[in-house]
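Please work from the sequences and hints to get the whole structure.
Start counting the sequence shown at 16; every next residue gets the next number (this note's numbering).
In case anyone wonders, no lab produced these hints; they're calculated from the structure. There may be inaccurate statements among the hints.
What the hints assert, rightly or not - Quick list of in silico lysine to aspartate or glutamate cross-link-like pairs, EDC-like style, CA-CA up to 20 Å:
#  : residue 1 : residue 2
1  : Lys97     : Asp288
2  : Lys97     : Glu277
3  : Lys97     : Glu216
4  : Lys97     : Glu52
5  : Lys97     : Asp78
6  : Lys97     : Glu311
7  : Lys97     : Asp76
8  : Lys97     : Glu65
9  : Lys97     : Asp153
10 : Lys97     : Asp142
11 : Lys97     : Asp275
Model, not experiment: these values are computed from the prediction.
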Amino acid sequence: MKITFCMLAALLIQGCDEVPAGRETPATSDASSAVCEVIQSAEALPMGLEESSGVVVSRRDPDLLWTHNDSGWPAEIFSITKDGALVARVPVRNADSVDWEDIAWGPCPGGDCLYIADIGDNRGVRDRVSVYRLPEPDPRGGEAWASERFEMRYPDGGRDAEGLFVLASGEMYIVSKGTRRAAALYRYPLPLRPGQVVELELVRALSDEPLELLDQLTAADVSPSGEWLGIRSYRSLAIYRTAAFIGGDTIPAIRFDLEDVEEVQGEGLAVMDDGRVYLTGEAGFEDARGTVSILECRLP
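Structure below.
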């Protein structure tokens, strides 16, 4: 999602306010700064990657990250170093880019694949959204081919969403943002069916009403083991035990205020089993650059 200059001003103003009563969400700002340490704060990404909206760690080269732009950019993914240097810009063939908002790891017949979530919908008017599945390309360069496209619609009308996570079972979950309507968790019912439009299942609401701008949910990620699930907003991070969260638990194992990360517009999240967390963000301003940050968190 692009945020205008006026919206950014609102972000800064709201950052001084308390979270309103009744707005406790998976990533509200009631957070302890003691559970995570910022070890890299908002390193600039290369030009051409101004709107980094999702991030994962490469499995072919764990020293590298994969990320992608938001809406209005070509269908491509970028491999970068962990301090933000560009390694390769890889076009994704057989895919469209309407509003890519997240990237995740999940299973596929050949092992593990990348899942790219074309689920952004600022106005909540899309009648269907898509997730692309593709084998990981060479992070040093080349091309990627989206081998499958999974189309889906919400059971309760269009939603803006920016979070996707996939379990080892193949279940895909979408976390809606909470812009015009309450935030919610949705599940794609198995089996995965490329070539069909499948109605998502509402798992549960994540808020009682639309969220304040800073508390809107901008990314989700499950750790490689599947044990940990991270959900972030513009200003905070919450990490849950995955099974407990899906089952209805609202109490995170970790909640952390992201103020010291110094992102302009935080959108991407990758959670590792050792507590390392990667964050990416959009530039927010014209001619500015996206960012990548790293946390080390103490998981229970």
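### Query
So which of those numbered hints doesn't the model satisfy?
3 and 10
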